[in-house]
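For the record, the sequence lines run as chains S and Y. For the first sequence, position 227 (counting from the first letter as 1) is numbered 227 according to our numbering, and the numbering increases by one without interruption. For the second sequence, position 109 (counting from the first letter as 1) is numbered 109 according to our numbering, and the numbering increases by one without interruption.
It is possible that some hints are incorrect.
What the hints assert, rightly or not - Only some residues are given here: those of chain Y computed to face chain S with a beta carbon under 8 Å:
(1) V203
(2) M361
(3) V414
(4) N591
Derived from the structure by calculation, the hints contain no laboratory data. Even glycine gets a Cβ: it sits at the ideal position worked out from N, Cα and C.
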Amino acid sequence: MKRLGGMFWAFLFLAVPILGVATFAVAPSINVWLPKDISEHGSQIDSLFYFILVLTGVVFVATELVLFWSMWKYDAAARGDEKATYIHGSHTLEVVWTIIPAVVLLFLAIYQMNTWANVKMRRPDMPPTVEVVGRQFEWRLRYPGRDGLLGTPDDIHIVNDLCLPVDEDVLVQLKSMDVLHSFFLPNLRIKQDAVPGMKIPVWFKGTETGSTDIVCAELCGWGHYKMKGRVTFLTRPEFDAWLARMEAKQEATHEEVASR
Amino acid sequence: MSTVTAPVTTDHGHAPAVNPHPVLTFLSTYVFSKDHKVIGLQFLFSTLVWFLIGGLLALAVRWQVAWPWSDVPVLGKLFAQEGGQMSPEFYTMLFTMHATVMVFLVIIPILAGAFGNFLIPLMIGADDMAFPTLNMLSYWFMWPAFITFGASFFVEGGAAAGGWTSYPTLSTNVNASPGSGMGQTLWLLGLTFVGVSSMLGSVNYMTTIILMRAPGMTMFRLPMTIWAMFITAILQAFALPVLTAVGFMQLADRLFATGFFSPEGNIINNAVAGPGGGQPLLWQHLFWFYSHPAVYIMILPAMGMVSDILTCFARKPLFGYRPMVYSIAGIAGLGFIVWGHHMFMSGMNPALGITFMVSTMMIALPSAVKTFNWLGTVWGGKIEFTASMLFALSFVSMFIIGGLSGIFMAATPVDIFIHDTYFIVAHFHYVLFASTAMGVWAAIYFWFPKMFGRTMNEFWGKTHFFLTFIFLNGTFFTMHILGAVGFPRRLADAYHYETFHHLQPMNAFMTWCAIGMVGSQIIFAVNFFWSMFYGPVAGRNPWNANGLEWTAPSPPGHGNFDYQPVVYRGPYEYSPPGMDTDHLMQTDPPNPASDAAAKETHSQQRAKEVHRPKAPGGR
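Model the full assembly from the supplied sequences, consistent with the hints where possible.
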């Protein structure tokens, strides 16, 4: 009877790796998984995610199984009069399980560096495609006008509805007007905080036309949850036409106001 | 008391004939007590009350995440606004205060305050702390914090709502959250008082552990609990001044518009925000310079206590005593150079991100070594499945999950996607709840007999464990895959996003599990208070453990020990060969027969490892 108790607890702990792996195995099929990637660099990030997932998954299952086995095999009720092993440690084992994880972890860190540099350090040499300014609780967008320069009177101002050319490098100049925000494009594997007083460059390349979410991922106040935008990728001709349309609309408003 | 050697004593460990006590009034015995055990219990009761409050706040947060804008039961009536439905600013306040309460009023004070106070003198063989008055003050400095944090719920605009990290400029500018004002200021004051309390405790712990150990209690004969408390105290002492300073800077920003954290030209809510000249990132660097070591302050003592509990119920010496000590020291040392991993997306120089990624990956190493040594400890043991042991085993099992999920965030490119999503929420709840809180329960079940002289009910203890274990995994494990979708934290309603609109059923499931998890604690509360008065009377050493605290009466009287204990060995001599008993207490006098047998086993082990001149592990 007492043995049953130990078996019960051992099985409860065995359920951890089983259900843990099952959760991750089922997640993609119920659509609770990485959202569709429509960026050029996203696959690098995703493959690093999978790499770490497999690596940690193996360690997770192995260590949890050792724990289960210890509970199963070394249950006091099953050992009778036998005493526990009198051992204070093993120098060899300590060396092994220090060196191997150290090497793996160091490798893991080095292995990430190139992708990190691609996404955050190797800035393309080009003028900003658009300026994105976070403001409680909206994304203010500013495109350079015909002169190709930001900060001139012919800039085109839009709110929340970010349109970008597909299959082209895009450079966003990210700013904040008031508090911290974070420019999060889940489908493009892009996230960057917008910081008051800083101009932060963000670059990426969309590979598919269509529109997806812009989410604010840094607490910015009571309306944080509704600081929502859309990013739409258009073909180059469509994009140019859209920008011209926006410019015309802005001009029309200008003239209407001026003629009053 | 410590010089008294006469073995003739009363039941309470008193030796009145030799050392009469001054008469203690009720007030000086139970309220303004300078006895470390009473102070420890004061901390324990206070933090358990706040644990309940923090848990209820979490439930309210979960309610909104699962069923946004639906009427809140109970709480909706208490804070009636908009007809029982929660406002987004109220939701923001809820998660801010949930984290604040749990971190500053529960985890840090329950580990260092409750268990540190209660256990340190008992486990090192001292009659009390080095500075009893300082110790009393460290508890009473918590009360201004309790009052300021508690009162902040009732001031105009409610409690702080800038997240527990309180990032400027949201937290420094009153216009950034209309209606807010007092709440954030009180939050900063409360934080300062918690800091003062921790600092008073930590200098006391360091002094006590260095100077007041019993004869024979060398540093390498200390139980892991004491090593962990010692290193935690050092961490506190070095990191806290930074938090205190930066807290005052933010207070000055709010009250005197000093602008330490506000850049020039900032316009908040259509009003020019302050004189400028500051940097929001400065706060983040300084805040995390404290709060990252604080993460270890919130786990190391639990690691220490779990090591002691695992060895006792596995009836086996701790595997790799010295590596365990060194890895705690390693975690503490590296803990000071990893703070930047909270800021990979913050706009900090991305090259610095690489530096912090390497140091962060490396800090996983001592944690891994600890885990392997725990597994080595239970392997080959003779495991008794008590409630305390089950919580300790689950600490190991859950810490594996929490440790491994940290690697995802440490990898900077992966962090780009999962930063500030439910993946990180899963990670820190596995470390702080599924590990630390489970470790705390293990410790409560384990040392309850020493605290109150009675044992807790084992059946209900195991039931409490079973339900908590199931529900916590139901709540927190699913957060990993929510994080994989990119589901952001701190959103009052995320379902209007195309990417997240289908995740409501999963969140509802998690909320049901969270309700079950909090509900299961009723079993614990009833068991705790019932056992305190009606539980079976425990002897001095109900678990047949080795530590010095088990030689004292249960509960120990003022002055703790009958006579000055003398220590002959380390705390983990379980199942020594060639003896009838399966444990040798630290105070058991050396026995020639057992010593010879133990030496024999040692030399056999040594012979196996020819390349090493000395047997590993302290004895």
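The hints, checked one at a time:
no.	hint	result
1	V203	violated, 33 Å
2	M361	holds, 4 Å
3	V414	holds, 5 Å
4	N591	violated, 15 Å
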